[in-house]
Amino acid sequence: DTAVSQTPKYLVTQMGNDKSIKCEQNLGHDTMYWYKQDSKKFLKIMFSYNNKELIINETVPNRFSPKSPDKAHLNLHINSLELGDSAVYFCASSQQQGAGGTIYFGEGSWLTVV
Amino acid sequence: LAKTTQPISMDSYEGQEVNITCSHNNIATNDYITWYQQFPSQGPRFIIQGYKTKVTNEVASLFIPADRKSSTLSLPRVSLSDTAVYYCLVDFSGYSTLTFGKGTMLLVSP
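As they're listed, the protein sequences go chains A and B. If you number the first sequence the way the numbering used here does, the last residue is 178 and the count never jumps. If you number the second sequence the way the numbering used here does, the last residue is 116 and the count never jumps.
Everything labelled a hint here was simulated from the structure, so no lab data went into it. Just so you know, not all the hints are guaranteed correct.
As the list claims (entries may be wrong) - The calculated PhoX-like cross-link candidates involving lysine-lysine, where the alpha carbons are at most 20 Å apart (straight line), are: (1) A:K100 - A:K73; (2) B:K75 - B:K108; (3) A:K100 - A:K131; (4) A:K86 - A:K104; (5) B:K108 - A:K108; (6) A:K73 - A:K108; (7) A:K104 - B:K108; (8) B:K60 - B:K75; (9) A:K108 - A:K86; (10) A:K73 - A:K131; (11) A:K73 - A:K83; (12) A:K86 - A:K73; (13) A:K116 - A:K73; (14) A:K104 - B:K9; (15) B:K108 - B:K9; (16) B:K108 - A:K105; (17) A:K116 - A:K135; (18) B:K108 - A:K100; (19) A:K131 - A:K108; (20) A:K131 - A:K86; (21) B:K9 - B:K75; (22) B:K9 - A:K100; (23) A:K105 - B:K60; (24) B:K60 - A:K108.
To be verified - Simulated coverage check for chain B against chain A, where a stretch passes if three residues somewhere in it have a Cβ under 8 Å from a Cβ of chain A: (25) 48-61; (26) 107-113.
By construction, the Cβ of each residue, glycine as well, lies at the ideal position given by its N, Cα and C atoms.
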């Protein structure tokens, strides 16, 4: 059973479209994250939710909107996609944020905007 | 903004011990140090975590000096399958510092 699963794994879409990436964790964790890994391999946090509440919202365009219907799910919706949005998006979860919480990552969603 | 610094890349041969050092000068009292491994086309996965001195598990050892401003991940007798990117993550106080940085690309050759 996959601990953190995200879909789709690959997504190719045109500029200006709206797309969503779904994420689910079956670890019973309270905290979930979205990370972005660009072509330079930096792995940057975008959002963090704790028990469905937004905790971290890094400097991310407001075209990106996370939604957490329950603490096991954190979906990422992206409006008006741009070429620069092409990257790998990782969903992750941890039992706690901070103080040594181990982060468990999904397999990633490869987004290509053409 | 607090950050970590690691070498961009390292090369090794099978059977050798590899030590990767991470600098984290602004580490705070409550912060832990965690190392992750990432293979191509996969998400990072946890290797080891420590707070001070030395921690060892079945995969690696983590050495942390008394001032905790750096840490060294030690991989004993690496194999080809250890070729990956290794990230040092310091759980800095303050939520905005969960960025992994570029990591260290370790290439193990036969």
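Hint-by-hint comparison with the structure:
1. A:K100 - A:K73: holds (14 Å)
2. B:K75 - B:K108: Holds, because 19 Å separates the two Cα atoms, which is no more than 20 Å.
3. A:K100 - A:K131: holds (16 Å)
4. A:K86 - A:K104: violated (24 Å)
5. B:K108 - A:K108: holds (10 Å)
6. A:K73 - A:K108: holds (19 Å)
7. A:K104 - B:K108: holds (8 Å)
8. B:K60 - B:K75: holds (14 Å)
9. A:K108 - A:K86: Distance of about 18 Å is within 20 Å: holds.
10. A:K73 - A:K131: The hint holds at about 19 Å.
11. A:K73 - A:K83: Status holds; Cα separation ~13 Å.
12. A:K86 - A:K73: Answer holds: A:K86 to A:K73 is near 10 Å, not above 20 Å.
13. A:K116 - A:K73: Status violated; Cα separation ~24 Å.
14. A:K104 - B:K9: The hint holds at about 17 Å.
15. B:K108 - B:K9: Since the Cα atoms of B:K108 and B:K9 sit roughly 11 Å apart, the hinted pair holds (cutoff 20 Å).
16. B:K108 - A:K105: Holds: B:K108 and A:K105 sit about 6 Å apart, inside 20 Å.
17. A:K116 - A:K135: holds (5 Å)
18. B:K108 - A:K100: holds (12 Å)
19. A:K131 - A:K108: holds (19 Å)
20. A:K131 - A:K86: holds (9 Å)
21. B:K9 - B:K75: Holds. B:K9 to B:K75 sits at ~11 Å (cutoff 20 Å).
22. B:K9 - A:K100: Holds, at about 17 Å.
23. A:K105 - B:K60: Status violated; Cα separation ~29 Å.
24. B:K60 - A:K108: Cα-Cα ~28 Å, so violated.
25. 48-61: holds (count 7)
26. 107-113: Holds: 3 residues of the stretch 107-113 of chain B have a Cβ under 8 Å from chain A.
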